[in-house]
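Trainee: Sequence:
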Amino acid sequence: MQKSSIYILCFAGGIGIISVLYFFSLILHIPYVACTLFSLTALTFFCRWANKLNTEEPPANSFLSLLILLTGVIIITNETYYQATKYGAWDAWAIWDLHAHYLTDADNWKNMFLNKEHAHPDYPLALPGVLAFLYKPFPREIHYLISFILHYSIMLCIPVLLLLQTYRRSILLASMAFFYLLTRDIYLIQGTYYLADTLLALFFMSAFIAMDGGEEDNRFIILTGAMLGCCAWTKNEGIVLGIVFMLFYWRTLFAKKNLKYTVIGLSPFLLVLLIFKGVYAPGNDLVTSQHGDTLRKLLDAARYKTVWLAFRESVSNYYYLPACGVALTVLISIVRRKALPKAISVILVCCLIYLLVYIVTPLDLEWHLKTSIDRVLYQLIPATLYVLVMYLTGGSLIRLRGGFSSIRPFPR
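Residue numbering for the sequence shown follows numbering that gives the first Met the number 0, starting at 0 and increasing by one per position.
Treat the hints with care, as some may be off.
[To be verified] What follows is a list of derived Cβ distance ranges for each label pair:
| no. | residue 1 | residue 2 | range |
| --- | --- | --- | --- |
| 1 | Q289 | T182 | 39 to 47 Å |
| 2 | E312 | F112 | 31 to 39 Å |
| 3 | Q82 | W249 | 36 to 44 Å |
| 4 | L144 | K109 | 36 to 44 Å |
Treat the hints as calculated values from the structure; they're not laboratory data.
Built from N, CA and C at the ideal position, the CB exists for glycine as well.
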């Protein structure tokens with residue numbers, strides 16, 4: 000784990016902490032000033048604790064990586080300026096920002112759950128919670144600016160974290176993944192739509208990074224649990240991502256030496272999610288609208304064909320390179336006669352579950368695919384790029400020496 004990566008993980012964890020504490024302050028009728036003090040105290044404790052984890056200092060010859068990083072930041076900042084809109088996409092102001100403004104009203108915030116037609120009040124509140132916390136002391140006229148700054152920061156953190164965690168293994172592959180991500184129109188567009196998908200992508204990738212850090216310091220398991228909890232507290236899809244991740248890594252997460260760390264990281268977010276779902280939120284429309292024809296849909300070959308064609312088109316248009324990387328990983332595993340890496344398996348299973356949801360959706364299938372498949376696949380892409388770079392570099396390093404790359408082959 001790079002020392003500088005800890006700061007980004009603290010930023011991500013801070014979003015989760017603030018949103019949880021703010022939601023509890025609404026439930027318990029705690030004044031905003033007291034909530035702010037609690038949040039600052041919790042953030043200070045969390046950052047000081049994270050700073051004590053075992054990390055690596057950047058190497059002395061990291062000038063090239065710094066140059067790559069600065070170039071990327073300039074590119075994404077410039078592109079964001081031209082891509083961003085004032086209020087984001089329809090879902091931004093009709094769902095996420097609307098929920099945030101409900102939450103700024105300590106007396107009437109529960110009215111959010113009465114708007115069931117299109118506002119999806121069952122969506123978890125990581126993003127609306129932190130937005131409401133930030134909106135509260137400022138006039139409404141500048142709320143859109145606060146939202147832009149937050150979403151830009153989240154969008155910037157993903158490629159930066161990806162580069163920081165991979166450049167020491169392969170400056171070449173790390174740079175390719177870094178520039179691939181921040182120059183994709185789909186990444187810039189989704190990032191400036193002001194939706195929760197980019198935040199979910201950050202949490203999901205961070206869970207893999209923290210899990211890798213646990214190999215050197217098992218206290219990183221706390222961060223892994225926290226990031227998985229943040230996934231679930233961000234979107235309903237995040238619940239799926241968290242469950243699948245834990246199923247594949249259960250031996251590590253729930254080993255005797257790590258169990259307490261997993262519980263510490265996961266429990267605050269699991270508790271707030273259970274309260275939110277069990278006490279306040281209505282049922283999810285994709286579940287409550289099932290009418291006994293689920294089996295018929297599962298046996299309908301035409302639905303599978305429709306979903307497959309939409310998936311293939313989305314991958315071909317936006318995610319072709321990561322898909323090729325995953326295919327290469329599968330091929331390498333077959334040639335070596337070894338099982339797929341757990342991380343790749345997690346991503347593939349999550350993708351399959353997403354596609355299965357479309358098979359049984361009670362909504363119009365073509366409309367549902369058209370309005371969401373690009374976005375839900377986007378949630379997996381940063382984690383996919385990170386996992387691919389880590390796997391394809393094997394444990395060997397690719398360093399630039401004298402202007403040329405020295406590549407050691409995969410271990411036999």
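Trainee: Take the hints in turn and mark each one as holding or not.
Mentor: Evaluated hints:
1. For Q289 paired with T182, a C-beta distance near 41 Å keeps the hint of 39 to 47 Å intact.
2. Taking the beta carbon of each, E312 and F112 are about 36 Å apart, inside 31 to 39 Å as hinted.
3. Judged by the Cβ atoms, the range 36 to 44 Å given for Q82 and W249 holds: they are separated by roughly 40 Å.
4. For L144 paired with K109, a C-beta distance near 28 Å fails the hint of 36 to 44 Å.
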